[in-house]
Amino acid sequence: MPVTIDVRDANVDRTAVDVVFAELARIDRLCSTHGAGSEVSRIVRGELRSEDAHPDVRAVLELCLRYELETSGWFSARIRGRLDPTGLVKGWAIGRAGAVLERWGARRFFVDAGGDVLARGDRGDGRPWRVGIRHPVERSCVVRVVLAGDLAVATSGTYEKGGHVLDPHTGLPAEGLVSATVAGPDIVTADVYATAVLAKGPAGLALVEALAGYEAYVIRPDLRASWTSGFDGLCGPPG
Amino acid sequence: MRRAAAALVATVAGVIWLVTFKVTPHARLPVSAPAPSTTPAAVAAASEGGGATPAPSRPPATPTPAPRVANGSFTGSDVPTPYGDVQVRLTVAGGRVTDVVALQMPSDRARSEEITQYVTPVLRSEAIQAQSARIDIISGATFTSEAYAESLDAALRQDHLA
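Just so you know, the sequences run in chain order A and B. Each residue of the first sequence is one higher than the last, beginning at 1 in this note's numbering. Each residue of the second sequence is one higher than the last, beginning at 1001 in this note's numbering.
Please keep in mind that the hints were generated in silico from the structure rather than gathered at the bench. Please note that a few of the clues may not be correct.
Claimed, not checked - Just a sample of chain A residues kept apart from chain B, beta carbon distances all over 12 Å, derived:
id	residue
1	R49
2	L63
3	R66
4	E68
5	E70
6	D112
7	D116
8	E138
9	T155
What the hints assert, rightly or not - Covered, in the sense of this in silico footprint (three residues per stretch, anywhere, with C-beta under 8 Å from a C-beta of chain B), are these stretches of chain A:
id	region
10	117-130
11	222-231
All of these numbers come straight from a predicted model, not from anything done at the bench. Think of the CB as a built atom: it goes at the ideal place given N, C-alpha and C, for glycine as much as any other residue.
Isolated chain B, as found in the complex (with noise of 0.2 Å):
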């Protein structure tokens, strides 16, 4: 089905990541600013991990010498929105963000949800059921195509067709 709120996921999506980049600051890390446009002031909490050394790394491309992250995985604060709490966690290796993963993501409304699957739709899943259901009929792989039309062939032999 398609969405038709892609304006309102847009502009989610910038919130959440705006988000990402409010934490409660325990020890402010300096950040080098490469792509993001929301060029963080902070990047996370040192919750794990001592004290952050500088990684070394290739000369930045500003003139003035850009500070740089602790390579290491950082895991934001929990910090509310309007469509729930978001808490993501990111992975600097090499001075650069090189993973942003979504601890908890907005699910407490439908339509949060629904825009939260939009958004990070590979959080959408489930461990499968195995449910003895009252059913009347099954869907589900069976044979290959080319057993199909063996088998389709000895059917009808047995419904007395051919």
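Excised from the complex, chain A in its bound form (with noise of 0.2 Å):
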């Protein structure tokens, strides 16, 4: 998975991308489910008690139960009785990556990975960063483009593998939409809703629509799509 860092500042120094890769990388050595030695392996394993654990760890763990309740479970680290924080992960770790790089400095910048985008200040020229929402099924275009100065904006969505999101009430594949994307503030926030949202179906935009500051676009099965009632406000012009 490419993770993309676009930088415009002039004066900072580069080194700070390579400061990113390893944070990155390190976070991946405690939180990866992938990997065997990781904290949350051996915690799944019941190897190593969650309190015991390095202090990122516990702090992810806790964001997951903090979201857990605040979703009424639509997010949840806990599916079909196993352990598997990695759907906030990413945005944490996106979210990690920008405080490197704005502790070295940087006002201007994005960080990309796995579909999500942590946007901060604009392109450079003044001009707002363009994030378009990818199309479900026409790889190379996008259905709406949102303007982000300080923005996240991350989507969730079924057309690529297909059934990986379950709903955590059910254990089974969420079916009501092919993708759900929420912009707002915080990365970590603005995943987990994604998530959120694309497990409950159509439904789930009501989660958004009552969360402050936030807003959701979510596409159907039939390639309709719905939106909060301040996501238009998000929006630039096409081309």
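Dock chain one against chain two, each of which comes alone in its own frame, and use the hints as you go.
Here's what the structure looks like:
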């Protein structure tokens, strides 16, 4: 998966990007459920108690629980009895990447990982970042263009692998939507709610309508889209 | 975003419901009065189907025999409101209104559109566009959670950090 970082500040040492990748590698070593030696994997196997884990792992697990409660279980790191915080780790890692860049003085940048985007400032010419929401079928096309200053845009979808987002209540693949995009100030919140909305289906739009400062855009299997009341205000014209 | 116009929305919703039952009477059909508190005097012009025959149904709850409404779909007339025109179609089955579909809802002003969206959110939709827009970044689903972890490994190795 490409992790793309674009920094437009002229005065930022490019070493910052190396530091970002080192940080992402560190988080991966701690949290990846794919790597057998990660702390999360050891917790899943019962070899490590979560209270004895690295502070970052504890922070991730606490956030998972908080968002599970907040979304009434539509986001959950526990599916079919198994702990998997990966859905939150992605957004959390992007947030950490942004923090590293800001520490190095960057003010105009974006971090794009796994379809989730954290944008800061502008493109460098005074114009906002143009974040396209991918078309679920026409791979080279977008359906909407979100104009971003300081904004996180996260998209969860089923059109690439299908069925990988499960309804946490049933353990079965969510089917009501093919794509859910959430935009707002915090990347973790946007990431979590994009997953929650995709799991819940079209009615999940109400979760974001009720969330101050966040907007959402969802696409159904028949390629009709719906969105929250403030979403149009985030968009720019195409082309 | 939270909507602060709850009171106004409730009022408009009431207006819209009331309006749906104000129709141009070509042939007034008596209507049984189940739940709706608006107790419509006439449901709809019989624009569809021929004459209506009372639908046989279970005995009325009220002592006096309640009139019956024919089953079928009935389209209300186009009714103007302060926010725009409203027109609905009722579906009646078993003597009860089982569905109401808004054929026209106010949308000619930003405010009414906002209220309309709140009242009938299912109408706020579009067929998605396929645009080859000038963009800097794409937000879209790419990988499963597992594939993400695997790919991050590979990406980091490529970036000579592993």
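Evaluation of the provided hints:
no.	hint	in the structure
1	R49	holds (23 Å)
2	L63	holds (16 Å)
3	R66	holds (19 Å)
4	E68	holds (16 Å)
5	E70	holds (16 Å)
6	D112	violated (5 Å)
7	D116	violated (7 Å)
8	E138	violated (4 Å)
9	T155	violated (4 Å)
10	117-130	holds (count 5)
11	222-231	holds (count 8)
The structure fails to meet hints 6, 7, 8, 9 from the earlier list, while all remaining hints are met.
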